[in-house]
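K.L.:
Here are the chains, one letter per residue:
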Amino acid sequence: METIGTLSVTQSLLIAIWVACVMSRWLGGGATLTLRFSPLMTGLVVGVVMGNVSQAMIVTAALQLIYMGVFSPGGSMPSEPAIAAAIAVPVALLGNLDPELAIPVAVPVGMLGSYLYQFRFFLNTFIGKYTDKAVEEMNDAGIRHSIITLPTLASFALFVPLVFVALYFGAPRIAEFITALEGTPVIHILDVLGGGLAAIGIATTVYVIGRKDYLVFFFLAYFMSVSFKPLGIGMVTYAIFGTIIAVVYTMAATKGGNASADSGVAASDDDYDDGF
Amino acid sequence: MSKNVNRAVAAPEEITVQDVTKAYLRWHFANEIPHSFDRYLACSLLYALMPVLKKLYKDKDALQAAYQRQLLFFNTQLTWGGGVITGLMSSMEAERAREEYEGVEIAMTDDLMYNTKAGLMGALAGIGDAIDSGTVQYIFIAIAVPWAEQGNPLGALFPFICFATYQVAVGLFFARQSFAMGRSATSLMGSSGVQTAIDTLSVLGLFMMGILAGQYVKVSSSLAFEISGKPFVMQEILDKIIPGILPLTVVMGVYMFYNKKGLNVTKALLWLTLVLTVLAGIGIL
Numbered sequence: 001m002e003t004i005g006t007l008s009v010t011q012s013l014l015i016a017i018w019v020a021c022v023m024s025r026w027l028g029g030g031a032t033l034t035l036r037f038s039p040l041m042t043g044l045v046v047g048v049v050m051g052n053v054s055q056a057m058i059v060t061a062a063l064q065l066i067y068m069g070v071f072s073p074g075g076s077m078p079s080e081p082a083i084a085a086a087i088a089v090p091v092a093l094l095g096n097l098d099p100e101l102a103i104p105v106a107v108p109v110g111m112l113g114s115y116l117y118q119f120r121f122f123l124n125t126f127i128g129k130y131t132d133k134a135v136e137e138m139n140d141a142g143i144r145h146s147i148i149t150l151p152t153l154a155s156f157a158l159f160v161p162l163v164f165v166a167l168y169f170g171a172p173r174i175a176e177f178i179t180a181l182e183g184t185p186v187i188h189i190l191d192v193l194g195g196g197l198a199a200i201g202i203a204t205t206v207y208v209i210g211r212k213d214y215l216v217f218f219f220l221a222y223f224m225s226v227s228f229k230p231l232g233i234g235m236v237t238y239a240i241f242g243t244i245i246a247v248v249y250t251m252a253a254t255k256g257g258n259a260s261a262d263s264g265v266a267a268s269d270d271d272y273d274d275g276f
Numbered sequence: 001m002s003k004n005v006n007r008a009v010a011a012p013e014e015i016t017v018q019d020v021t022k023a024y025l026r027w028h029f030a031n032e033i034p035h036s037f038d039r040y041l042a043c044s045l046l047y048a049l050m051p052v053l054k055k056l057y058k059d060k061d062a063l064q065a066a067y068q069r070q071l072l073f074f075n076t077q078l079t080w081g082g083g084v085i086t087g088l089m090s091s092m093e094a095e096r097a098r099e100e101y102e103g104v105e106i107a108m109t110d111d112l113m114y115n116t117k118a119g120l121m122g123a124l125a126g127i128g129d130a131i132d133s134g135t136v137q138y139i140f141i142a143i144a145v146p147w148a149e150q151g152n153p154l155g156a157l158f159p160f161i162c163f164a165t166y167q168v169a170v171g172l173f174f175a176r177q178s179f180a181m182g183r184s185a186t187s188l189m190g191s192s193g194v195q196t197a198i199d200t201l202s203v204l205g206l207f208m209m210g211i212l213a214g215q216y217v218k219v220s221s222s223l224a225f226e227i228s229g230k231p232f233v234m235q236e237i238l239d240k241i242i243p244g245i246l247p248l249t250v251v252m253g254v255y256m257f258y259n260k261k262g263l264n265v266t267k268a269l270l271w272l273t274l275v276l277t278v279l280a281g282i283g284i285l
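Chains as they are written, first to last, in the numbering used here: chain A, 1 to 276; chain B, 1 to 285.
Careful: at least some of the hints might be erroneous.
Claimed, not checked - Derived, one-sided and incomplete: chain A residues facing chain B with beta-carbon distance under 7 Å:
id : residue
1  : Gly69
2  : Tyr238
3  : Thr250
Worth flagging that the hints you see were computed from the coordinates, not collected in a lab. Quick reminder that beta carbons are idealized off the backbone N, C-alpha and C, glycines included.
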C-alpha cells in the first residue's frame with residue numbers, strides 16, 4: 001500500500017488561517033461572498049500551500065460542480081463550500097485520489113461547516129452587547145472594535161484551531177480511509193452524486209428568481225445547451241445570446257403593454273422570507 | 001426644544017457624494033463581519049453611516065439618537081439592498097438633521113426612516129441575491145470551470161476578481177443613485193426603468209440557469225440488459241425520446257419540492273443525495 005503523506009504544522013496553519021479570513025468575512029469584506037460560496041479560491045490556496053496547484057485545481061473543479069449555483073437566500077446555506085474544499089482538497093492531494101473521491105469528504109464537512117458558521121452568529125450576538133454599551137458611552141473606538149475587531153477575532157478563535165486539528169491530525173486518516181474506497185462500487189455512486197447535486201443550486205436560483213411566467217426561458221436555454229453540445233459553444237457566447245433574448249423580450253413586452261411587469265418584486269419578497 | 005438651544009449647536013455639514021461613497025465602502029467591508037442572531041446586519045449599517053452621522057449631528061445626544069436609530073434590526077443583501085439603503089439613509093438623515101437644526105416640526109420621523117428601510121430590505125435582498133450571487137457569480141464561475149478542470153489557477157482567480165469588482169461597482173452605483181434621488185428612491189423599485197432592468201435580468205438569470213443545467217447537471221441511466229439476445233440500453237432510448245430528460249427531471253424535481261415545501265435547501269440536498277445514492281446503488285443510474 002502506498003504511503004500517505006501528512007501536512008506540516010505550517011501548511012495546516014496557513015490553510016486554517018485562510019479559512020478564518022474567509023469565514024470571518026473579514027478578508028476584503030464583501031469580497032468574501034464568492035470566496036465563501038465557491039470552493040475555487042480555497043482550492044487554489046491549498047494548491048499553493050501544498051505545492052501542487054495543478055492537481056488542486058482539478059480536484060476543486062470537481063467540487064465546484066456539486067456547488068454549482070449555491071448561494072444563501074436569506075442568509076442560510078446548507079453547506080459551506082470553502083470549508084469543504086479546505087479539508088477535501090488536501091485529503092485528495094495527500095491520498096493522490098481521483099477528483100470525485102473528494103466529494104464524499106466535502107459533502108459532510110461542508111454541512112458541519114454550516115453549523116460552525118451559525119455558531120459565529122451566536123458569538124456575535126454576545127459581542128453586540130458591547131456595541132450597545134459603546135453607543136451608550138458614545139465611545140467611537142469602542143463601537144468600531146465591537147463591530148469589526150471583536151467579531152473577527154472571535155471567528156478566528158473558532159475556525160483556526162478546528163480547521164488546524166482537522167487538517168494536521170485528521171486529513172491523513174481520512175485519506176487512508178477514502179483510498180480504501182478506490183475500485184469499489186462506491187465510486188459509481190459518487191460519480192452520480194457529483195453529476196446530480198448541481199441540480200440543487202440551479203433549482204434554488206430558479207425558485208428565488210420567482211418568475212414562473214418566465215420559466216420558458218429556462219427550458220429554451222436548457223434544450224439549446226443540450227442540443228448544441230457538439231458545437232462546443234462557450235459560456236460567454238451563451239451569455240450574449242441570453243442578454244439579447246432578454247432585451248428583445250422586455251422591449252416587446254414594454255411595447256405591447258406592460259401587464260407582465262408587476263409581479264416581480266412581491267414574488268421575490270416572499271421567497272426571501274422563506275429563507276429564514 | 002427651543003430655537004435657542006438649537007442655535008448653540010453647530011449647523012450640520014453638507015453630505016457629498018464622497019461621503020456616500022465612503023459610507024457604502026464601509027458597509028461593503030463590515031457587511032457580514034458582525035452578523036448576529038438578534039440584529040443581523042444592523043451593526044454594519046451603523047458602522048457604514050458613522051462618518052455621515054458625525055458630520056450631520058453636532059449635538060452629542062442627537063448623534064447618539066441617530067446611532068441608536070441605525071442600530072435596529074436590519075438584514076439585506078450586500079449590493080442592491082445595502083447600496084440603496086446606505087444612500088437613502090444618508091439622504092434621510094441629512095433631512096432629519098436639517099429639521100432638528102432649524103427647529104421645525106420633525107417630518108422625517110424615526111418611524112418613517114425605519115419603515116422605509118424595512119420596506120426595502122427584503123424586496124431588494126430577494127432580487128439582489130438571485131441576480132448577483134445566483135446568476136452573475138455563476139456566469140463567471142461557469143466560464144472559469146473548464147480552466148480549473150485543466151489545472152489552471154486562472155480558473156479560481158478569474159471569477160473571484162471579476163465578481164468582487166462587479167459587486168463594488170454595483171453597490172456604489174445603487175448607493176450614489178439612491179442618495180441623489182433622496183426620498184423618491186423609495187419609489188425606485190417601482191420605476192419603469194428599474195422594473196425593466198429587473199425583468200431583463202430575471203429572463204437572463206433563468207436563461208443562464210438553463211444553460212448551466214444543460215452543461216453541468218449530469219444524470220444518466222446505466223441500466224442495460226438483453227431481451228432475447230437484443231441489447232436494451234435505457235439511456236439510448238431516453239436520448240431518442242427527449243435528449244437531456246433525466247437532468248431536467250432532477251432540476252424540476254427539486255424546484256417542485258421548493259414549491260410544495262418552501263425553500264428548504266438543506267432538506268432538498270439530503271433528499272437528493274439519498275435518492276441519487278439509492279438509484280445509483282441499484283443500478284438504475
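K.L.:
Taking the hints in turn, state whether each one holds.
P.N.:
Status of the hints after comparison with the structure:
1. A distance limit of 7 Å between C-beta atoms decides the matter here; for A/Gly69 the minimum to chain B is near 6 Å, and the interface restraint holds.
2. Evaluation of the A/Tyr238 hint against chain B yields a held restraint, the C-beta minimum of about 5 Å falling below 7 Å.
3. The beta carbon of A/Thr250 is positioned within 7 Å of a beta carbon in chain B (closest approach about 5 Å), and the interface hint is therefore held.
This entry satisfies every hint, going by the numbered hints stated previously.
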